[in-house]
Structures are given as C-alpha cells and as structure tokens.
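Protein chains in written order, with the working numbering: chain A, 1388 to 1727; chain B, 1388 to 1727; chain C, 1388 to 1727; chain D, 1388 to 1727.
For the record, the hints were derived by calculation from the structure and aren't laboratory data.
Take these hints with a grain of salt, some might be off.
Identical chains share a label here; the pair holds if one copy fits it or two copies do between them.
Claimed, not checked - Listed next, the in silico DSS-like pairs over lysine-lysine satisfying Cα-Cα at most 30 Å (straight line): (1) LYS1477 with LYS1584; (2) LYS1477 with LYS1425; (3) LYS1588 with LYS1523; (4) LYS1523 with LYS1584.
There are 4 protein chains.
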Amino acid sequence: MTVRVGVIGTGMIGEDHVRRLTTVVAGAAVTAVTDVDKDRAAAVAERFGGPTVHASGEDVIADPDVDGVVVASWGPTHEEYVLAAIAAGKPVFCEKPLATTPEACSRIIDAEIAAGRRLVQVGFMRRYDPGYRALKAVAADGSIGLPLLAHMAHRNPSVPPSVTSEMAINDSVVHEIDVTRWLLDEEITAVMIMSPKRSRKAAEGLQDPMIVVFRTASGVLVDAELSVNVQYGYDIQAEIVGETGNARLANAGAITVTSERGRAAAVPADWRERFAGAYDEEFRAWIDDVGAGREASGPSAWDGYAAAVVADACITALHSAPDSGWTGVPLRDRPAFYGA
Amino acid sequence: MTVRVGVIGTGMIGEDHVRRLTTVVAGAAVTAVTDVDKDRAAAVAERFGGPTVHASGEDVIADPDVDGVVVASWGPTHEEYVLAAIAAGKPVFCEKPLATTPEACSRIIDAEIAAGRRLVQVGFMRRYDPGYRALKAVAADGSIGLPLLAHMAHRNPSVPPSVTSEMAINDSVVHEIDVTRWLLDEEITAVMIMSPKRSRKAAEGLQDPMIVVFRTASGVLVDAELSVNVQYGYDIQAEIVGETGNARLANAGAITVTSERGRAAAVPADWRERFAGAYDEEFRAWIDDVGAGREASGPSAWDGYAAAVVADACITALHSAPDSGWTGVPLRDRPAFYGA
Amino acid sequence: MTVRVGVIGTGMIGEDHVRRLTTVVAGAAVTAVTDVDKDRAAAVAERFGGPTVHASGEDVIADPDVDGVVVASWGPTHEEYVLAAIAAGKPVFCEKPLATTPEACSRIIDAEIAAGRRLVQVGFMRRYDPGYRALKAVAADGSIGLPLLAHMAHRNPSVPPSVTSEMAINDSVVHEIDVTRWLLDEEITAVMIMSPKRSRKAAEGLQDPMIVVFRTASGVLVDAELSVNVQYGYDIQAEIVGETGNARLANAGAITVTSERGRAAAVPADWRERFAGAYDEEFRAWIDDVGAGREASGPSAWDGYAAAVVADACITALHSAPDSGWTGVPLRDRPAFYGA
Amino acid sequence: MTVRVGVIGTGMIGEDHVRRLTTVVAGAAVTAVTDVDKDRAAAVAERFGGPTVHASGEDVIADPDVDGVVVASWGPTHEEYVLAAIAAGKPVFCEKPLATTPEACSRIIDAEIAAGRRLVQVGFMRRYDPGYRALKAVAADGSIGLPLLAHMAHRNPSVPPSVTSEMAINDSVVHEIDVTRWLLDEEITAVMIMSPKRSRKAAEGLQDPMIVVFRTASGVLVDAELSVNVQYGYDIQAEIVGETGNARLANAGAITVTSERGRAAAVPADWRERFAGAYDEEFRAWIDDVGAGREASGPSAWDGYAAAVVADACITALHSAPDSGWTGVPLRDRPAFYGA
C-alpha cells in the first residue's frame, strides 16, 4: 500500500520533500529522483534510502515504480512536467507556482479536464496550517457573522538584494492570494497596490513594504502588508472581520518567557519553522489521497491558475496604477469540472 | 490654587466632564455651567455642588469666577465659544470638533495667534491613553526602527440608524486622524477611502465597514478600518510597523477567565469604558497647565484644524473617488506659532 | 466640601500620599504634616502647597483644620496615632501594618468599637486594583463556580541585604494574606511555609523564594510564591480556581512589541508602577467616604488585625515547622461591629 | 527499512497507536496485534491493513515479523510483556505505567541491565510536546537562571465516578512526576499532598482538587494542582521559576476569536487533542531509533521505575500524612547503566 513517489527537482525545497516523504509521512516512499544538477540528485538519493536517479523529469514520470510525482524544479519547467504527468495519468503534486503564466496554467487546466480526473495538486501549504484551518472554520460556522473584510501581514526577516517587487509578489503575496480565495471561498476580482514609505533595508527596485488590497466577487476587501526585511523573524498575521466578530491567528508560541527582556514569546525564524507542520500535513493528505486512489482533494489546478492571474494583476497594478484604484483580474470562466 | 472651570454644554459628555472636574481631578472646581436646555443645566448644577447656572455661554466665559472654559456644546456652536474665550484671554478646552469646518478652525487659529498665547486645547483624549502613549514612545525610541506604515481599527458596538458615513468620519475616524498625526509626528497629506462589503447591521446610507487610508508627508501609510455595528463591544486596535519591528495595543483586559467559553478576556462595552482613564488624564493635564499658568500643552487648535481638513478630505474622497486613488489634504501652512 | 487631611510621616510613602492628595485626588487638601525628621516634613510641606508643619502626630490629629488623618510613619508608631485619631473621633487612614503586633491591632479594634463608628481604614491598596477587583467579581458571580483553591506569586526585583524572612512576610506576604481574605470573603485559619531551593541572589538569613500556603475557614487552599530577588521586574500573579473555571490577572501591559527580542510586553519595574492606579483609587474612595461623612468602607481595623495574626502565624511556621504541616491562626472572635 | 511493530492490547489507546503507526508515522508497519478481546483485535486488524492477529502477547513478541513491541494492554500485564520482550532482545515501547509496582519496575530494570542494552521506552509523551521541550530548553540555557521552583496544573474535564484518588495519582499526576524529573534533570526525593476544598463535581472517595508538592534532590519545589472535573476542557499548565526569570506553557490556541463571548481562545477538549502531536513525535522518535538499530533514547525503564516510586510515595502521603510534611521517596540507587 506504500505510495511510491518520484521527485523532480532536488534543490532546497525538493530535498526537504524527499526527507519528508521518506522520514515523516507514513505510507510513502521516494523511489525516483532527478535534478538538473545530477550530482545533487545523486547526493540526495544517497542520503535518503537510494531511490533511482533518473536523467530527466520525463524518465521519473515514466518510471513504472512511480505512483505519484512531485514537481519541485525551477518554476519555468513546471508546466511541462505537470502536463507529462497528466498525460501519464499519474497524480502530480506541483510546488507553487503551478506554472509561470496564466496561459500555461490554463493549458494544464484544459489537459486535466481532458483527462477527466483531478490529478493535480498545488503546494499551497497554508491550507494545512492549524491556524488557517481554524480561521476558515470560524469564518464558515457563523461565530463571527458574515465576513466583510480581512487584514493580513506577511513579514520575512530578509531577502537577497536580487529580489524585485515582481518576485516578491509571485513568491510571497501569492500565499495571501491563495488563502484569501480559500478562506472566503470566492474569487478575487480586483486588486490594488499601495506603496508605503520604503524600508532602508530594502534593495533598489524593491517596493518594501507594499500593501496589496484584494476585492472578492462578493465585495470583501482584504488588505495584505508585505514586508520582506523586518530583520526580527518570520511573522504571518491574518484576521477576518465579520459582521459580529473577528478572528485572528494567535501566533503565540509554545511558551512565554519572563526575564529582563520582558514577558516574551519567540517569533519563528523563517517560513520553514513557521509552516513545518503544514508541509507535513499537506503531504500526508496528498499521500492519503493517492494511496486510496482518490482524486486530489487539495489546492487544484484551478487554484494554481487563479493565483497566477491575481499575481499577474498585482504586477500590472504595480506598474501601471500604483495607489490609484482597482485593477481587474481577468479570470476565465471556472470550469464545472472544478465544482461550483 | 483651585482652578475654577465654567462648562458650556451639559449634555451627556458635558455632564461627564462636570462630574470628572468635581469628583475625580484634583485642583479643579466647576463654578459655572450653562446649556441650551436650562433645566438640564440646573439639574447638573444641583447634582454637582451647585455651580452658577448661566443663561449663555458668553456669560460663563465672562464670569469672573471662571478661570478656564470647557466647551462641550453642540458642534456648530464651538467656534463662537472658543473665539469668545480667546477674546477673554481665558484657557479653553474644546471637545472635538474644534469647529465644524476647516475655515472656522482656521479663524480660531488666527485668533489664537493674534492673542499671542496658546489658550486652546482640543479633546483628543486618546493621546492620554497609556496604550497610545506607549506606542508613541516606542515609535520614537528606535525599538522598532523608523515607522513605515500602521494598521488601525475602530469598532463600535452599534450606531443609531441616523448616522451617515459623513458623521462616522467626523465623529469616529477623526480619532484615527489625530492619533496618526500625533504618533507619527507629521501631517497627513492624502487620503483614500475603500468600501468593503457592507454589514447587514448597517442602516441605509452608511458605508459600514469602511477602510480609510492616510498618507503622511514622509510617505507612511496608515490603513484604518471603521466598523460601527460590530455588536460585541468597543474595540480599538492600532499597530505601528517599523523597519525592524512593530508595536500594537495589547487590549488584553485586566483578567483572563477560563471557562466553558474558552480562555477569554472581556472587551470594553463602549468608549467610555475604554477611555475612562484617558479622559481623566486629559483633564488632569489641562487643569495642571491652567493652574500653573502655563500655555496649553495638549492637542492644539492646529491639531483641531488639521483633523478637520483631513476629515473633510475623507468625505470628499468618499463622494468623488471611492476606491480610486488619493485625495489631497489642502492644509494651510503651519504657523510658526505652533512649533515645527 | 474639601476634605482637609493631616499626614503623619512624610518619608517615601508619606510624601507620595501628600502628592496624591494634593495633585491627583479631587476634593482633598493636605493641611498639616509632621515627621520625626522635621526638615523633611518642612521640605515636603513646601513642595506641596504649604500645609502646617506640626511638631508631633498628636498635634496633627488635634489640628482643627484636619478632617482626616493619614498615618504613614514608622510601623511601631502606628498604634498610638490610630488610637489618638479614634479618641479624637477623626477618620484615620493607616498604612499597613495597622500595628506591629496582633495585640496592638486588637486594642485598636476595641477602641474603634468603643467609639461606635468605623473610623479606621488600612492601606491594602490591592483591593482597588482593576485586576483584583475583576477577580473578586468573577469569584462571586458564578462564572467559574465555587472557588476551591488559588495560586499567587509576588515577585520583587530585589531587596536590600538587610531584609529578613520575617520582614518579607510582614511587608510582602501580608498583601497576599489580605487579598486572599478579601477575594474569598472568609478568614485564613491555618498556614504552612515551604522552603524551595534558595536563590543565590538572596542574602544570608533570607528564605528566598518561599512558598506560603493559606487554608481558609471553608477549606480553600491558596499557595503563594514569594520571590524577592527576581531581577527582571515586579511581577504579581493571582489565579482563582473554581469548580467550573478559573480566572487570573492578565498582567499583559499596554502594548506588545515585536522585535529582535521576540513578541514582548513590558513588566512593571516596581510596586509603584504596578499599583499606581490602585493607590489613587484607594485614596479617592477614602476621601469620598470622609467627605460624605460616611463610615470607612475600605479595609477595616479587623482586616488589619487579621492580617497581623496570619503574618504572625507564618513567622511561627517558618521558625518551628517549616515544610511540616499546618500552623493555626489564633484569631479572636470577629466582633459583630465588623459585620458577618 | 520499515520497522515492523507488534501491538499488545488494542483497546482505545492501543488502537490509536495502531492507527498512528499505520497512517501517521513514516517507516513503520503494524504486522501483529493481540488483545484479551479477540474480536476487538480482529476488528482493529481489519481496519488497519490486516496485521496478523495473535492469541497472546507472547506470540506477538515471538513473531519473527515483529521488530519492536508496543505494550498497550491492561497495566497489571505490562511487566510480563516487557520482560518477555527484553528476553527476546526486542525493543519495547510500554505505555505508562511501566509496571504497577516499584518492585515490578525494578525487576524490569534488572532484566534490561542483564540484557546489556536499552530496549525499553516508557510512554511519557509530554517529553515530545513542543511546549515542554521549549521549557526544558529554557531551563537549561540560562535564560531564566537556575530553576528554584515550579508550578503546574493538570485539569481534566471530568472523570468517571469510579476514579479514586489513588487512580488519579497513578494516571494523571504521574505525568507531572515525569516532567518534573525530566525538566529539572534530577530525582524527586520527597512529596507532600495537600487537600483543598473538594469540588461538588467529584464523586465520593476522590480528593478533587488535590495539590501535590515534589521536592527534588537539589531542593527545587514543584507544586502541582490536580483537578479532574473542571468541566470546561483539558488544561495543562506548567511554569518554571528561575533565579532571574520564569517560563510557562503558553497554551494560547491557534486563533483568537473576538465576539459576544469576549476575546477568546479555545481550550482543548481532552488529552488526545492536547497531546496529539506529542504522541506522534514520541512514536516517530521510537521508530527512528528502532529502525536505526539504536538503543532507545526516550523515557527509560529507570524513568518508569522512578515515576512508580514517586506515585507510590504520593499515595502513602495521601493515606498517612495529608497536609502534614514530607514523605520520602525510597528510590534504589540509580544504576550506572542509565547514565549519570
């Protein structure tokens, strides 16, 4: 009953997934890997129980000892591997982004619909975080009334000087895009970018911090602060405001220490510490689905597509209309295949 | 050494100030009152030690047993009483608004400058709240680096159906306007209004909730949520985000109760509960200044004027440019009289 | 209507009360002072509006311009001044301790009963702290069910090397004794002392930390940690555990600061910072009572007596029975004069 | 490389461990089960992938397809199965208690020492909880100075009327015993029991709540409240007080909800919810050790023995010396086999 997984891309994230599938998640085994850097693939294979090292992603997908495929390679290669996995009829877990353009994501959607079965899951791990799950439950169960707006913040300790505003949107804001859609269970239809005073910690060409505002189909507004050089840690905030109450991530840490520093809780050092459990749960759920022969129940190709279109709209807004009104989100019609 | 105070307007707020000056704040005595409702003024006088009941605000100001004047009457009457107090050379504490138009506020500024002495203090009591004071201290002392943006929320349990969006801006958002200017120690130069999904608790003609964004002279952005029908209590949030950290109001309550309701802290029922201590401190500071013969050290006529202009700009934005870019704040030049 | 107060003892605490009655609390004026150090009394008088400087406490009490007396002199002198005030029929606010022995406290009780009127209030200021008041309300209103036990901690940043275990009980634990009796509305009937590992910050002869356990008449147990050299600040904890819930002081501070130190709230530096508001309220209530000609409604001579007897029992336990069972509290019968 | 596990006892806890080893923990497979109720064993086997159902625990241990044994049967049977596993040279994970008497635990220690290899791990899962791990780290790293005392509380929503004080000590307090020893890294040498007012929710014969005090070899005191009918949830508290600071479990929950119930966090419903992650980690670590051929690194037979002796001392204290001084803990000398 063990699900045999092939992993395409064994860089930092890919290797971490190999580790997770080998040593953390029950019912899974990594049987095949590949990477553009063959030595790296070989080293990872050796470290984690000796899966076959293939020359290409296509070989991983074709390997008869592979039941499911994890795509963790460079973003521009995602489309081809995901399409190949669909063509092979194999479940595929694709790290974000699903693909680097809305058009490419759209082609994946079409292929999946043609295959007639949900084979694709996208790596939006926050949906598996206990905090976000509790927020979604509360938003849905009436405890705070109908959601009207939300506040979010995404704070990274630092980013390399090479990171641009566009990259920050695609890599970081994309998480707020996905959780907004998921928490509120509706599409984002317009976005706005606002530019606060820049941090002197930010490199040239990077608007840091940035405020991104999402408007959903029903009119909910979500303001999301992105700050990527806060120095002190990795700090994720989210609050949903409903008609009769509100709910927010507690982020309180496991213990409180009182000392000459006051009464303090630790802040996670980075995203790996903050979302380690979410990554584990994400793969646990995917392996469960694959092992049981069920269609993927996690973030879908449609979710990957929608995130890409919204992120694109954010970049458009940043370039053409900062601080000046809404930029539309040109989503294609949602195929019935993906439910209502 | 007791400061003898005359109070113009003994409605809900005026009466509360009479009570405060009589029974809470040391060194003060209310010696004269008036109100458009003479019976009400007489009743308040009887309840609190029998100050003289005058026929008009002018009479209160002219009373030789009045060292300082509190204006707590209907907003449209503020200008005339404040100008009269200035003309009489008496310190005047004016509840917000200083006056109902920027032009009227400007006339007060001119009169005060002509008088050559800071006689006017405006009732922005939040500046005396321990939480806001701690935020200002932290913003200034470098603990969180240079402030770049801020998030605020102003939530009322409910408002009467007669309250319009304009009134909500003038009565509620004005506090966020003032604390933004004070916390950051600079002017607001542009505003934006965003309209989230409306609460079904809101009456016709009221945009509730509303998001107001302020941009300051140096480029700091402040987003402020106004929600005036949240049902559950009076809930004030503020967070300043700096280059290397952030600080927020704790609002934790005096005790935590764990029971079948979970682990819970109480939320204040209304603004009086939330800011009772701030009102006391505000008057304590004013009485100290008046008693010592010092110029007013609290919120100035300039602060009252600036708040009025920013509130006006918010209303303009609401009418002409909701969700679509910045509306400028046409402040006159700051007179040297009010410092740099 | 101003209450004219005479203050006996103008040391650190006495001077602070002079300041409070002069500049903070409405309706009061300090008209007479004295101190064993005449220069100090004169200096305080000059600083705060020039009350008469008397040669003795008796003169203060006898002064016709004194409506109420505050005793803040050296503990061993308290009995004589309180008895003199009772003899003079004047309300007297006595800083803790009411007197230095149970017998002396008992004589005050007898004198007050003979006078037929509650003239004495003891300075247990915690009863006026919003946190403790909220705890008492919750203990009484059924939110947590019937109280069964409580946990407390009293932590001082440091004490001088001259402080002994007996002094720590009389000066610090006495507050836990009083709030235990007040929160639970019943007497302490037995005590136990436990001796944890000693802090290397503690001087010879001082058991620091110490755990004191109180048992009340109905069987509620209260364990109180006393730690007097914690270095980091002044930290007061209290939690009441009832049959269906519990409640604790939040001690959360006004703001939360997130920075390289984590997410932190400040801890008060000392008891003055922690209980400043409680001291103000305590005197406000006393002045209200005196001004209205009412009997004292705050902590009574009986409360002062009971605290002294319990503190004595703690010292007995410390000497004769550390870590080994209950030591009884030999209270006299509660006079009907003090209510049920 | 999969570790093949045989599970003896498939009651509520045993079945949960079968589920965990089958569907949560990587690298493990349950290959054999047994239970006194054969139908139950068969049902569990069917539900989780069809391990062999054996007639006896001895058969499970002897099964060549079993690499490691989990003992989750009725307490009185633990000794025999653990000894059999040691005799078979197989790693054995034994749910608490290791055995029902100190003597039985001691026999296991002797057998393990004779076997020359740490084969036994006891199910004290709290050592794998992130909160307790953080407490231990802080106690060790100097952040709060040398630990001097600790406060703990163990609160269950309710227990069946059949639960006695002795059972409550053996089943619940035993966790505080273990974490005290582990957090402080030293033995408990004496205990005291104190009896607060009884809850009316408690059945006859049950002292609820109960305060248990531990004294360690170096003199640290730990007071632990046990309340087993608090109604509202499962609530575990722990605070270590050091010379210069203190640290406590945050127990803050994943989100904070503000509504008509105040600002509230949820309390776990029961121990399974509170410690689900700790159970997973506990088995993950055990499987890692067994898979790697390492000696057990978790709670040892010595830990199981020490917990039993301390629990016994608590029961002695309850019977013979409630509220009256220390009862010694008659530990045998710690064998060098278990380290310093």
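Against the structure, the hints come out as follows:
In the homo-oligomer, the alpha carbons of LYS1477 and LYS1584 never lie at most 30 Å apart, since the shortest distance is 48 Å inside one protomer and 42 Å across protomers. For the identical chains of this complex, LYS1477 and LYS1425 are intra-copy neighbours only, at 24 Å inside a copy versus 40 Å across copies, given an alpha-carbon limit of 30 Å. In this assembly of identical chains, LYS1588 and LYS1523 lie within 30 Å of each other by CA distance solely across copies; the values are 22 Å between and 34 Å within a copy. Taking CA atoms no more than 30 Å apart as the test, LYS1523 paired with LYS1584 passes between copies only; the shortest distance there is 18 Å, against 32 Å inside one copy.
Hint 1 from the list above is the single one not met by this structure.
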